[in-house]
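**Student:** Based on the provided sequences and hints, a complete structural model is requested.
In the order they appear, the protein sequences are chains A and G. The working numbering puts the first residue of the first sequence at 1, with every later residue one more than the last. The working numbering puts the first residue of the second sequence at 1, with every later residue one more than the last.
Just a few of them, taken from the derived set where beta-carbon distance is under 7 Å, the chain A residues facing chain G:
no., residue
1, P58
2, P125
3, D258
4, F259
5, K292
6, P296
7, Y298
Derived pair list, reagent style DMTMM-like, types lysine to aspartate or glutamate, alpha-carbon separation capped at 25 Å:
no., chain 1, residue 1, chain 2, residue 2
8, G, K407, A, D174
9, G, K511, G, D526
10, G, K486, G, E378
11, G, K407, A, D302
12, A, K153, G, E111
13, G, K407, A, D205
14, G, K358, G, D283
15, A, K297, G, E402
16, G, K306, A, D93
17, G, K306, A, D88
18, A, K153, G, D455
19, G, K393, A, D302
20, G, K156, G, D188
21, G, K407, A, D300
22, A, K301, G, D404
23, G, K393, G, E378
24, A, K153, G, D110
25, G, K393, A, D300
26, A, K153, A, D93
27, A, K297, G, D404
28, G, K306, A, D300
29, G, K486, G, D353
30, G, K156, A, D108
31, G, K247, A, D108
32, A, K297, G, E492
33, G, K35, G, D551
34, G, K156, G, E107
35, A, K301, G, E402
36, G, K324, G, D373
37, G, K254, A, D108
38, G, K384, A, D300
39, A, K153, A, E112
40, G, K254, A, D93
Calculated from the structure, these hints are not laboratory results. Fair warning: this is a prediction, and the values are worked out from it, not measured in the lab. A virtual CB, placed ideally from N, CA and C, is assigned to each residue, including glycine.
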Amino acid sequence: MRPSVTLAAAAVVLFSSIYVSVGAEGQPPVPTPAAQTPPVQTPPAGGGRQGPGRGTFPAQQRALADPAVIERGGTLYGINCRLCHGPDLRGGDLGGVNLLRSALVLNDQDGEGIIPVVAQGRNNPGMPPMPALPLPADQVKAIAAYIHSVAAKAAGQGGPPPGPPVVLNIVVGDAAAGEKYFAANCASCHSPSGDLKGLAARYSDPVQLQTTWVGGTFAGGRGARGGPGGPVAPAQVTVAVTLPTGERVEGRLDRIDDFVVTLTQADGTPRTFRRSGSVPQVQITDPLAAHKQLLPKYTDKDIHDVTAYLVTLK
Amino acid sequence: MSKTQRILLAASLLVAPAFLSAQNQGGLDPASIVKPLADSWPTYSGDYSGRRYSALTQINQTTVKGLSLAWVGKLTAGPPNAPGGGRGGFGGFGRGGGSSQVIVGGEGSDEFATGGAPSVKGSILQVGGVLYVTAPDNVWALDAIDGHELWRYYWKTRGGTHIGNRGAGMWHNYLYFETPDNYLVSLDARTGKERWHVEIASFNEQYFSTAAPVVVGDHVLAGTGNDLDMPGFLESFDPETGKLQWKFYTVPMKPGDPGLDTWPSLEAARHGGGQTWVPGAYDPETKLYIIGTGNPTPGYTGQGRKGDNLFTCALVAINVDTGKMAWYYQTSPHDTHDWDSAQTPVLIDGVIDGKPRKLVSTASRNGYFFTVDRVTGESFATAKFGTTTNWTKGIRKNGSPEPDPGKEATVPGSLVSPTEGGVTNWPPPAFSPETGLFYIQERNGFNLLYLTETDPRGSMGLAGKTVGQVGSWPSALRAIDYKTGKAVWRHEFPGVNGAGGSGGLLATAGKLVFGGDGGGNLVAFDATSGTPLWHTRIGSISNAPQTYAVDGRQYVLVAVNDTLYAFGIY
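**Tutor:** Below, the structure written as structure tokens:
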């Protein structure tokens, strides 16, 4: 039978776990967990501590060739391969395959897989043919070293090595239509001469501006603390709990589930109440409620138009 | 005779005499997995149906209020003598203050050693009174009555993505599990000693393996995964020797292969993804293994792979003896959101207009629920189950959703629901034949999806986009009528940040559904109404609750990362 110490220790575990924080309410939406393929910046939760090189593959683990060899290989690649396989090795206009995800390249150690293919060419059914190239083996070896050096710089989750920065113009909307949309849907809480004054100066990157206003996390609007022009804290989610006795307790919502609600009162005192169905009465005030209600209603054009208008609020 | 062997022998004599009959080989008779789920939990979903419905009734709507803690077990991972690796459980738990035997295998060097707190994100087998638990690079055998450790196996990895492990498979006295560096490893379940390991996917080609192998007769069915635009496949191995029996690719690999006309070129198809992340369900009558496939790749930049991209994001039915596909049903044509359709399908013996009908249902990451004829693959019902799901233009004649190209990543941004993780993900659903309800944790939310790779070749892997998180929406436990796809009830979780159920679900003949909520509770819900009947706050559930019985006592078992909790009625 179980030793009695088992139950005693288990009780300690359960008790202490009550204080485990599960995530604060009123914060920006939490990233959805449990993805098969997690965002790169998230440390993997499975398996614990990350050792050196863990989470990587041979293409990133391998020792690179001498820099002079890689440089020579790069030059030779430019002369012999680039036209078909592209300046970034990801395939070119003449139908050469993407070398960074080529099984031949990924399995090659030191040119031994690549040399015969370059020498003999390739003509696989259904695939673009590759002509034979009469290159000395040491040149192909240098090219292989160059290819491996590029593959080693690959981003996580199968992403290619970072290329030159690309600036895309996301401001494609109609500012006049956006102003109209704003007047009809946003002006009851926000004003271009009030809380949004100088908004575009605060958010010079339109992507950041757009993501911020759609999410409602830029801390303007009614209920926000601080004034226009400066950085302001987002308004807090508050909750009012009305007990069966009639006592009403208000404060910042810390957390809520079907069984418990925790709040922090104005004087900094936290309080937790058990919940059983509709008792006690719980009323949550979410300053972002109006933003959230718009999410299923926006068309992408609405969003782009409003952004085009907001970037004019310098 | 070791202590472990004594326990196993005692357990098998007392608890599971049926196991001894199997070809005189002992252990788990593969034929017994066909039986409905009750005392043991011998395969990923408990039984082959994928229902996660247990016939056990000791814990039921009346008794659940008295459910209390039976034991807690904290798992330690990593090399035997690593910092933290030699720690016993707390207060006499886990290893009883000492270390059980750690068996070490693997092809890697110490450089890549993993250690510290593991996270259990898969199914735990329970056979003959022993639990078999996995996390990346680690397998534990624990006593099912009090959770004490019998042995641990540690795999020295070569590297690879260590995101999770979905569990082990079992055949007689042998265990099978996959490693992040792509080995199928077979252990002797009695001792933890390794029998053999075989490479099941190329590490050079950046596959990484998280799936739980599923044993069907004399086949060990093993899936794998990849983020670098490599083709998905399912393999079958001989359980005795590890020899490859067949390999089924989920995308066309040569001229003339079916589905090639749904890709712009063979080169695109051969880099088209469709990974086999999560185990499928098996129908012994048709000998078909029905599994959901992963998303096409590159994930977010579909411009280089125009077309429906078969057989990605589909249910595929594969004959277990031949490895040949009998039918497919695509649940997400031309996905561009990394929403795989790998979710465990559920076999349902339905009654339609008074006549029995063999069906299979799946709730996909993309927010749509499907019921399909599991003999022919013909559509029976399609319905949206993500409340705010907005990426389609409608439903095709065959029940497949028609993707809206405007809801792909665009340069000025498109507002997309659900978020990257999907309305659901790998955590499994449950189905109760008693209520006729399919239970699923529904997660909602919105992203702004910006295309950053405008090159007509597309990007690679999951690159080529940036994601702006712009809003949450309430999440819920949803009970779906499999005949219509419509919600019969929906238990919405409170709060404003969209926190929803964590982990997967378990349904029982006690008319209960067990699952995590958004607040760190394990909850027993009324299976007919969704009303919470019992809860305990142990932290965010990291796998799906399971149940088993040993010595006449029913246990509910669940993991919170490195800690297992077992509950029972006393």
